[in-house]
Structures are given as structure tokens and as C-alpha cells.
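Can you make the complete structure from the sequences, with help from the hints?
To convert, take the position in the sequence shown, counting from 1, and add 7; that gives this note's numbering.
None of these hints come from the bench; they were simulated from the model. Some hints could be false.
Lysine-lysine pairs mimicking DSS-like chemistry, simulated, CA-CA at most 27 Å apart [said to hold, decoys possible]:
no.	residue 1	residue 2
1	139	218
2	139	285
3	300	196
4	196	218
5	300	240
6	307	133
7	170	196
8	300	139
9	240	285
10	144	218
11	184	144
12	139	184
13	300	170
14	184	279
15	240	307
16	218	240
17	144	170
18	218	300
19	307	144
20	184	133
21	196	240
22	144	285
23	240	184
24	144	133
25	279	218
26	279	240
27	170	218
What follows is a list of derived Cβ distance ranges for each label pair [unchecked claim]:
no.	residue 1	residue 2	range
28	152	267	18 to 24 Å
29	242	278	33 to 39 Å
30	171	131	52 to 58 Å
31	269	232	27 to 33 Å
32	228	137	46 to 52 Å
33	280	165	23 to 29 Å
34	285	135	30 to 36 Å
35	134	167	47 to 53 Å
36	153	272	24 to 30 Å
37	166	233	24 to 30 Å
38	287	231	27 to 33 Å
39	269	242	18 to 24 Å
40	199	301	24 to 30 Å
All figures in this text were calculated on a predicted structure; none of them were measured in a lab. We put the CB at the ideal spot given by N, CA and C, even for glycine.
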Amino acid sequence: MKKYCKKCNKSYDSKQNFCPECGNQLSSEDSELAEDAVVDTNSESSKADSANNTSVFKVSKLKIAAGIVLLVFVGAGIGVGIGVITSSRQPVRQNAQQQQQSVDSGSKDSSGPPDSSGSSSSDNSKSDDASKENQMKQAVYEQYSNVIDNASNYFSELGLPNKSVQYEYSLVYMDPKNPQIPQLLLKQKYEGEMSRIVIFNFDESGSQAFKIQTVLAEGAASAGGSRASLQVKNDGSGLIETVWHSVTGEANMSRYVVSGHDISSTTEWEGKIDQAPKDSTTTDIDWYLATDKSGLDQLK
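Shown next as C-alpha cells:
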């Protein structure tokens, strides 16, 4: 059996163990051939494996590419599906909006313009009330004017002979329960004597003025020292008469309140006239001559 030098690539007699040229250890030629076969076999196997790997790689690339294409188609399908769903939902929303607008429009139409019947009825009622009030005031004016024109008829028992007399009047409010209608004060005035005052009210049901059976006083007596003054409450709650004696100073204040055909009086204060309380809620009465009807203008 020959031996083989791998380095020099030469064969030698089997008796030699080392290469005479390079000194490298010789190996058996059969074993070398076997090794070469193994190497060749391994090489072929490696080539086959490489080929297989290449094929697998190519197949994998193809699968990946196919997967990508599939994903593209699937994605496109999903996109188309979403588009279809969106487009199919859009009319539903539009229809819902249109229906809601129709409902709103119907509600507005059904409500229509504001109902003016209630306002018209209220206006008519106010107009009727105003007309009735004007008619009532006109009736009061005529009745009180007639009383003033015949003032002397209401003082026949209080007249003083041989004295010049003068008649005056004023409108005051002294009926808290009926503040729309004023009362008429009619005064008989003598120079140097205490004046006498009678009160008239108006009956709405009969449209007639009537005399209340109470006589008040104002001014100073020519003898005896009697004094009296009248003020009206600003809130229409009555008339205040203050009576005192100029010598003793004794005084009292009374409030007179009218209620229909009746009149009531309550004592507000008693004491010395110089200690009488100041009442800021009262006002002195404005008197008009009987020949001057301007004091009745508030009734027109």
C-alpha cells in the first residue's frame, strides 16, 4: 500500500513514513481517498443542503410575497367594506336629521304665531274697565258739582243772620275701602266765626251723592276760645280734626273714616296743644271757592 503526502501531493512507498521532500508525515492513500470521498460526500450534502435552503428561502419569499398580496387584497376589502358601511350609515343619519328637522318644523308650524286672542281679551277688558271708570268719574263730577251749586241748602240750620257767608269745597280721600272715589268737603265760612263743614260721598249703585250726618269745624270762634283745624291723611286713611281751647290749652285729635254711608271717629291723641305731636303723614286741605270748579278737575 502506497502512502500519500498531502503537502506535495505525491505518493511514496509504503515503507516510508515521512515525505522525503517536505518531511511531512505520509498517510495511507486509501484513507485519503476515503477522506476525499467523505469530503466529496459532505460537499455534495452541503451543496444539496444549500440548494434545499435556497429552495426553502425562495419558497418562503414566495409565501411572504403571497401573504403581502393577500393582506393588500384583504385590506382593500376591509376598506371597501368600511366605505360601504359608512356610506350605508350616512343616509340613515341624514334621514334621521331630516326627520328631526321635519318634527321641529312641524312643532314650530303647529305652534303658529302667538295667540293674540288672550291679549286682545285682556285689552278689551282693560278698555271696558277704563270706560266704566271714566263714566263713574263723570257721574261723581256732575253730582258734586250740583252739590256745590246748591251749597246753601245744606247749611240751613247753621246759618247766621246778618253775616256774610262764603262757601268753599275740597276733594279728599277718607274711605280706605274705596280709594277710587273721593269725598267732598263743603264748608260754610263766616268772617270772624268758626266754619262748619259737611261731608258728601257718592253711591255707585244709584250714581247719587249723599250727605253724611256729621259736622266738622275749622277756624276760631268769636267768643269762648274754641279752635279747630283739619288735615287729611296722605294715604287716604281718614281726616284728622284737632280741637283745642285757647285759654286752657286742652286739645284732642280725632280721626274720621268714611265707609259708604257711615262715618266713624277714633281719638288719636289728647293733651296740651303745645305738646301736640307733629304728624308728617298729614297734609293741610286745599280749599276752592264754590264759584271755581277747578278743584273738581281730577274727576274729568
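For each hint, the structure was consulted:
Restraint check for residue 139 and residue 218: the C-alpha separation of about 24 Å stays at or below 27 Å, so the hint holds. In summary, the hint linking residue 139 to residue 285 is not supported, as the alpha carbons are separated by about 40 Å, beyond the 27 Å threshold. Simply put, residue 300 and residue 196 have alpha-carbon atoms about 18 Å apart, close enough for the 27 Å limit, and the pair holds. Note on residue 196 and residue 218: the hinted pairing holds, with a Cα-Cα distance of about 18 Å set against a maximum of 27 Å.
Distance restraint check for residue 300 and residue 240: the Cα-Cα separation of roughly 23 Å lies within the 27 Å cut-off, and the hinted pair is therefore satisfied. Simply put, residue 307 and residue 133 have alpha-carbon atoms about 19 Å apart, close enough for the 27 Å limit, and the pair holds. At roughly 10 Å between alpha-carbon atoms, residue 170 and residue 196 fall within 27 Å of each other, so this suggested pair holds. At roughly 23 Å between alpha-carbon atoms, residue 300 and residue 139 fall within 27 Å of each other, so this suggested pair holds.
The straight-line distance between the Cα atoms of residue 240 and residue 285 is roughly 13 Å, inside the 27 Å bound, and the hint therefore holds. The hinted pair formed by residue 144 and residue 218 meets the criterion: a straight-line CA distance of about 18 Å does not exceed 27 Å. For the proposed pair residue 184 and residue 144, the alpha carbon gap of about 17 Å is at most 27 Å, so the pair holds. As the CA atoms of residue 139 and residue 184 are separated by approximately 19 Å, the hinted pair is consistent with the 27 Å bound.
Straight-line distance between C-alpha atoms of residue 300 and residue 170 comes to about 25 Å, which keeps the hinted pair within the 27 Å bound. Note on residue 184 and residue 279: the hinted pairing is violated, with a Cα-Cα distance of about 33 Å set against a maximum of 27 Å. At roughly 23 Å between alpha-carbon atoms, residue 240 and residue 307 fall within 27 Å of each other, so this suggested pair holds. For the hint linking residue 218 to residue 240, the alpha-carbon distance of about 21 Å falls within 27 Å, and the restraint holds.
As the CA atoms of residue 144 and residue 170 are separated by approximately 36 Å, the hinted pair breaks the 27 Å bound. Restraint check for residue 218 and residue 300: the C-alpha separation of about 19 Å stays at or below 27 Å, so the hint holds. Between the alpha carbons of residue 307 and residue 144 the distance comes to roughly 7 Å, so the proposed pair stays at or under 27 Å and holds. Restraint check for residue 184 and residue 133: the C-alpha separation of about 22 Å stays at or below 27 Å, so the hint holds.
At roughly 23 Å between alpha-carbon atoms, residue 196 and residue 240 fall within 27 Å of each other, so this suggested pair holds. Pair hint residue 144 plus residue 285 does not hold up; C-alpha atoms about 34 Å apart against a cutoff of 27 Å. Of the supplied pair hints, the one linking residue 240 and residue 184 holds, its CA atoms being roughly 14 Å apart against a limit of 27 Å. The hinted pair formed by residue 144 and residue 133 meets the criterion: a straight-line CA distance of about 16 Å does not exceed 27 Å.
As the CA atoms of residue 279 and residue 218 are separated by approximately 33 Å, the hinted pair breaks the 27 Å bound. In summary, the hint linking residue 279 to residue 240 is supported, as the alpha carbons are separated by about 22 Å, within the 27 Å threshold. A hinted pair counts as satisfied when its Cα atoms are at most 27 Å apart, and residue 170 with residue 218 qualifies at roughly 25 Å. For residue 152 and residue 267, the Cβ-Cβ distance of about 22 Å falls inside the hinted range of 18 to 24 Å, so the restraint holds.
Checking the proposed 33 to 39 Å range against residue 242 and residue 278 shows it is violated: the Cβ atoms sit about 24 Å from each other. At roughly 54 Å, the beta carbons of residue 171 and residue 131 sit within the given window of 52 to 58 Å. In this structure the supplied range 27 to 33 Å holds for residue 269 paired with residue 232, their Cβ-Cβ distance being about 32 Å. As the Cβ distance of residue 228 to residue 137 is approximately 47 Å, the hint placing it in 46 to 52 Å holds.
Taking the beta carbon of each, residue 280 and residue 165 are about 25 Å apart, inside 23 to 29 Å as hinted. Evaluation of the 30 to 36 Å hint for residue 285 and residue 135 yields a failure: the beta carbon distance comes to about 45 Å. For residue 134 and residue 167, the Cβ-Cβ distance of about 51 Å falls inside the hinted range of 47 to 53 Å, so the restraint holds. The hinted range of 24 to 30 Å is satisfied by residue 153 and residue 272, whose Cβ atoms lie roughly 28 Å apart.
Taken as a hint, the range 24 to 30 Å is violated for the pair residue 166 and residue 233, whose Cβ atoms sit roughly 19 Å apart. Separated by about 31 Å at the C-beta atoms, residue 287 and residue 231 satisfy the suggested range of 27 to 33 Å. Between residue 269 and residue 242 the Cβ separation comes to about 20 Å, which falls inside the hinted range of 18 to 24 Å. Distance hint check for residue 199 and residue 301: the Cβ-Cβ separation is about 28 Å, which falls inside the suggested range of 24 to 30 Å.
When held up to the earlier numbered hints, the structure conflicts with 2, 14, 17, 22, 25, 29, 34, 37 and fits the remainder.
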